[in-house]
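Enquirer: These are the residues of each chain, in order.
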Amino acid sequence: MKWYIVRRVAWAGVATLVILTVTFVLMYLTPDTRLLELQFEAAQAGQDPEQVAQAAAEARGLDDPFLVQYADFMRNMLTLNWGWSTTRSQPVMDALTDAIPYSMMYGVPAVVLSTVAGLAIGLYSAVNQYTKTDYVATFFAFFGISIPNFWFAIILLVIFGAWLGWVDILFDPTLAKVDGEFTLGAILSWPNIKQLILPIFVLTTTSVASMMRYARAEALEYVEAEFVKTAKAKGVDERTIVLKHIFRPAAVPLATILVGDLLGIIFVGSYLIEVVFGIPGLGLLSFNAITNQDTALVFGTVFVPTFIAIIGNLAQDIAYVILDPRIDYGDR
Amino acid sequence: MSGPADDDGPDGGHTSSPDAGRSGETGGRVSDGTRHSTDGGRHSTDGGGRATFEDVDWDDIEATSGSRSPRQIAWLAIIGVYSVGLALDLYARYATAVYTRVVGFLSGADRTAVETPAWVPEPGPAEFAVVGTVDGVDWLWSLTLLVGVFYVAVPLYENPRMTRYYWREFKKNKAAVIALCYLAVIFLIGLVVPRVVSPPAVEPLLQYQPPVWGAVPDTVPIQCVGPVSDGLCHGTWAHPFGTTHQGKDILVSVIYGMEISMQVGLIGMFLQLLIASAVGLSAAYFGGYVDEVLMRYVDIQITFPTFFLYLLVVYLFGGSLFLMIIVFGILGWGGIARIVRSEALQRREEAYVMAAESAGASSRWTIRRHLLPNVSNSVITAATLVIPGLILAEAALAFLGLGDPTIPSWGDIIAAGRSDLDRAWWISTLPGVFLFLTILAFNFLGDALRDALDPRQEAGNNE
Numbered sequence: 001m002k003w004y005i006v007r008r009v010a011w012a013g014v015a016t017l018v019i020l021t022v023t024f025v026l027m028y029l030t031p032d033t034r035l036l037e038l039q040f041e042a043a044q045a046g047q048d049p050e051q052v053a054q055a056a057a058e059a060r061g062l063d064d065p066f067l068v069q070y071a072d073f074m075r076n077m078l079t080l081n082w083g084w085s086t087t088r089s090q091p092v093m094d095a096l097t098d099a100i101p102y103s104m105m106y107g108v109p110a111v112v113l114s115t116v117a118g119l120a121i122g123l124y125s126a127v128n129q130y131t132k133t134d135y136v137a138t139f140f141a142f143f144g145i146s147i148p149n150f151w152f153a154i155i156l157l158v159i160f161g162a163w164l165g166w167v168d169i170l171f172d173p174t175l176a177k178v179d180g181e182f183t184l185g186a187i188l189s190w191p192n193i194k195q196l197i198l199p200i201f202v203l204t205t206t207s208v209a210s211m212m213r214y215a216r217a218e219a220l221e222y223v224e225a226e227f228v229k230t231a232k233a234k235g236v237d238e239r240t241i242v243l244k245h246i247f248r249p250a251a252v253p254l255a256t257i258l259v260g261d262l263l264g265i266i267f268v269g270s271y272l273i274e275v276v277f278g279i280p281g282l283g284l285l286s287f288n289a290i291t292n293q294d295t296a297l298v299f300g301t302v303f304v305p306t307f308i309a310i311i312g313n314l315a316q317d318i319a320y321v322i323l324d325p326r327i328d329y330g331d332r
Numbered sequence: 001m002s003g004p005a006d007d008d009g010p011d012g013g014h015t016s017s018p019d020a021g022r023s024g025e026t027g028g029r030v031s032d033g034t035r036h037s038t039d040g041g042r043h044s045t046d047g048g049g050r051a052t053f054e055d056v057d058w059d060d061i062e063a064t065s066g067s068r069s070p071r072q073i074a075w076l077a078i079i080g081v082y083s084v085g086l087a088l089d090l091y092a093r094y095a096t097a098v099y100t101r102v103v104g105f106l107s108g109a110d111r112t113a114v115e116t117p118a119w120v121p122e123p124g125p126a127e128f129a130v131v132g133t134v135d136g137v138d139w140l141w142s143l144t145l146l147v148g149v150f151y152v153a154v155p156l157y158e159n160p161r162m163t164r165y166y167w168r169e170f171k172k173n174k175a176a177v178i179a180l181c182y183l184a185v186i187f188l189i190g191l192v193v194p195r196v197v198s199p200p201a202v203e204p205l206l207q208y209q210p211p212v213w214g215a216v217p218d219t220v221p222i223q224c225v226g227p228v229s230d231g232l233c234h235g236t237w238a239h240p241f242g243t244t245h246q247g248k249d250i251l252v253s254v255i256y257g258m259e260i261s262m263q264v265g266l267i268g269m270f271l272q273l274l275i276a277s278a279v280g281l282s283a284a285y286f287g288g289y290v291d292e293v294l295m296r297y298v299d300i301q302i303t304f305p306t307f308f309l310y311l312l313v314v315y316l317f318g319g320s321l322f323l324m325i326i327v328f329g330i331l332g333w334g335g336i337a338r339i340v341r342s343e344a345l346q347r348r349e350e351a352y353v354m355a356a357e358s359a360g361a362s363s364r365w366t367i368r369r370h371l372l373p374n375v376s377n378s379v380i381t382a383a384t385l386v387i388p389g390l391i392l393a394e395a396a397l398a399f400l401g402l403g404d405p406t407i408p409s410w411g412d413i414i415a416a417g418r419s420d421l422d423r424a425w426w427i428s429t430l431p432g433v434f435l436f437l438t439i440l441a442f443n444f445l446g447d448a449l450r451d452a453l454d455p456r457q458e459a460g461n462n463e
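Protein sequence lines, in the order shown, are assigned to chains A and B.
Numbering follows our numbering, with no gaps: position 189 of the first sequence is 189.
Numbering follows our numbering, with no gaps: position 414 of the second sequence is 414.
Check each hint, because a few of them may be wrong.
[Stated by the list, open to error] Only pairs whose alpha carbons sit at most 25 angstroms apart, straight line, appear in this in silico DMTMM-like list of lysine to aspartate or glutamate:
#1 A:Lys-132 / A:Glu-224
#2 A:Lys-2 / B:Glu-292
#3 A:Lys-132 / B:Glu-169
#4 A:Lys-2 / B:Asp-59
#5 A:Lys-2 / B:Glu-169
#6 B:Lys-171 / A:Asp-134
#7 B:Lys-172 / A:Glu-221
If you are wondering where the hints come from, they were derived from the structure by calculation, not from laboratory data.
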C-alpha cells in the first residue's frame, strides 16, 4: 500500500507539471495582446512601434529562448510567485488570498450541507424504494440537477430581493471584515450570514441533488445483499442495518464521488453564483480578470481550482485504498 | 429479464451494430460460431447438414466479407460526398495560407511577400450550390445528424423486433416518453425554423413588448404594438413571447437557441462518444502498456476541469461556438472512456471473443464486431447523460458573455434580461424555462435509457 501511495503522489506531481506545461505552451503560442496594445499606443504617440515592442519584450524576458522562458515560468509557478495583476495593481497571490475567503464563506457550508443532506436523503430513498417519499426525493433530485443555477439565482434574487425585500440585492463585502481584516465574529454576524443564505441555497440545491442520486444508487446495491437479509432475519433494528450494513460498504465508492463530482459542481457553480450575486470571491475575480485582459490573474485564478482538483483526486484515491481492503492496488 | 431479452442473451445490443446488415448476408453459413457464441448451441442443433466450424474456409469468408449491403454503399457514398465537400471547403479556406508558408519556407522569403498564382483561390469559405457557405459548426452538425440517421434511425427501422422491445421497455417510464416528445419537438423546430425565418433583428422602437398573455404599464415600452387599456400595454401575437430591450423577438431568439443547444449537446456527445469508445476499447483490448498510457492520460484529463480550460481558451483565442464544442468534445470524454474500458474488460473475457480470436479474427474485427456492440448499451446511457451537462455549460458560458457573441443562445437572452427583471420579467424567465425543461428532459431520457438498455440495472427493476 505504501508503494501505491508513493506512486500516486508522484503521479499527481506529474499531472501538475503536465498541466503547467500545457498552459505555458498555450501562452507562448498566442500573440500577446498587451504587446500589440503597446505597439498601437507607440504608433499613436509617433514613436517607432517595433522599437517599443522590442524594449517591452526584453524587459519582460519575452525574447529569451523558449527553454529559458519555460524554466522561468515553472520556477515562478512552483515558488508561488504568480506574477503581478495589472488591473488590481497587486501581486496575484494577494488578490487570491483576499478573494478565497469569500468563496469559502458560502462554499464550505454548501459542501457540508449537501453531503450530509444528500447522504441522508439518498439512504432513506434507497431503503424505502418506490414509496411516495422516494418519488418526491427523486423528483427533487431531477429538479436540482436540471435547474441552471445562474437562472435559479436570478429568480430567487428577484423574488426575495426585489419583491419581498428580505435580502439585499447587492453583496456587501465589508460585512465580513473588521477594519479591513477578516474576523470570525464578522463572518458569523447575522447581516453577513443573511446575505450568504441565497448563494448557499442555490449551490446546495445543485450539489445535494447529485449527491442524493449517487447515494441512492450505491445504497441500492446493498439493500438486497445477503448480509442485509441475514441481519434482518436476526432481528437487527432498522437503524443499525442502514448505518452499519448498508452505509458502511456504500461509503467507499461514495467517498470518491464526493471529491470528484462535487468539487466540479461546486467550482463551476460558484463561478456563476459569484457573478450573479456579486460576491468578490475567486469566480468573480477570475471573471473580471478575463473581461479586463489581466493575463497573470486569469492564469492564477484558473490554477487554484485545478490544483485543488488534483489534490482532491489524490486524497480520494489514497482514501479509497485505505478504506477498502478489497482494492487491489498492486497492479495500478 | 423479460422474454425478448432472453432471445438475444448478452448480445442484446448487437442489433444496433453498424455491421448488423452485413452479418446477415455473409454470415448465413457460418456466422453462428463467431457471432453468437453464447447461443451457438441452440443454432447448431437445427443446422443439420451445415458446415461445422473446422470445415469452414475462413480465408474464403475473409475475402467475401468485403461485399457490402445497399445501406453500406449508400453510407459510403454520402460520406464520400461529405469528405469531398469538406476537402473543397478546407482548400478554399486555407490554400493561400499553406501555399505562402510552404513557398516562403522553401525560398527563404518572407511569407507575406510570396505571390499566389491564379490557381490558388482567395482565402474564404467555399461557395456550394443550394447550401451556400458552410462553417465549422455546420460541418460537425451535419456529420452528427448523418451518423444519427445511419447508425441509430436506420438500424432501428431494420430491426423492428428489437425496436419494439426497446419501445416496450422505454414506454414503462411515462416521464421519459413525455421528455422524448418534448425533445423531438424542440429538435425539429430548432432544425427547420431557423432555415426559414430570419434571425431576430434589433428594432429599438419595439422594445419591451410583453408576451401575448401578459400586460405591463404602457410606460415600459416606447410604443405598444398590442391593445392599450387602463394604462396597460397588452401583448400581441406579433410577438408571442414579447421582445427584449433591443426589440428582438424572444420567440425567434428562443427558437434559434434551440438549434444551438441541440448542436452543443449532440455534437459534443458525438465527439466524446467517438473518442471515448476508441480509447476505452483499445485500452481494454490491448491491455498492457497501451492500457497504462491511455488510462493515465485519462487520469490527467479528468483532473483538469474542462470549464476552466475553456475559460483559458476564450481568454487566449476569443469565444466561439465551434471552439466550445471542440474543447468540450475533445476534453470531456474521460468518464465515458473509463466506463467503456471497464465494461469491455469484462466482455473481453467472454467465450465469444476467445472464439473469434482462435478463428484468426484481427483485433480490429474483434473490437468492432464483438466488443463494441456489447458495450454500446452502457455507452449510450453514459453519453445521453453527458448532453445536459454540455447544454448547461454552453448556457452558463453564454450567460457570462464568454460564449459566441454572434449567435442568440439561451444564456445570452437570460443575461440580456437580467437588468430588466423588475419591469420586463419575461426576457430572462422564458428562455430559462426552455433551458430548464430541455436539461430536465435529457436527464429523464438518460435515466429511462439506462433502465431500458443497461443490463446491470435489470435486477433492481424487478423489485
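Enquirer: For every hint, state whether the structure bears it out.
Expert: Do the hints match the structure? See the list:
| no. | hint | verdict |
| --- | --- | --- |
| 1 | A:Lys-132 / A:Glu-224 | 20 angstroms, holds |
| 2 | A:Lys-2 / B:Glu-292 | 20 angstroms, holds |
| 3 | A:Lys-132 / B:Glu-169 | 23 angstroms, holds |
| 4 | A:Lys-2 / B:Asp-59 | 52 angstroms, violated |
| 5 | A:Lys-2 / B:Glu-169 | 48 angstroms, violated |
| 6 | B:Lys-171 / A:Asp-134 | 21 angstroms, holds |
| 7 | B:Lys-172 / A:Glu-221 | 22 angstroms, holds |
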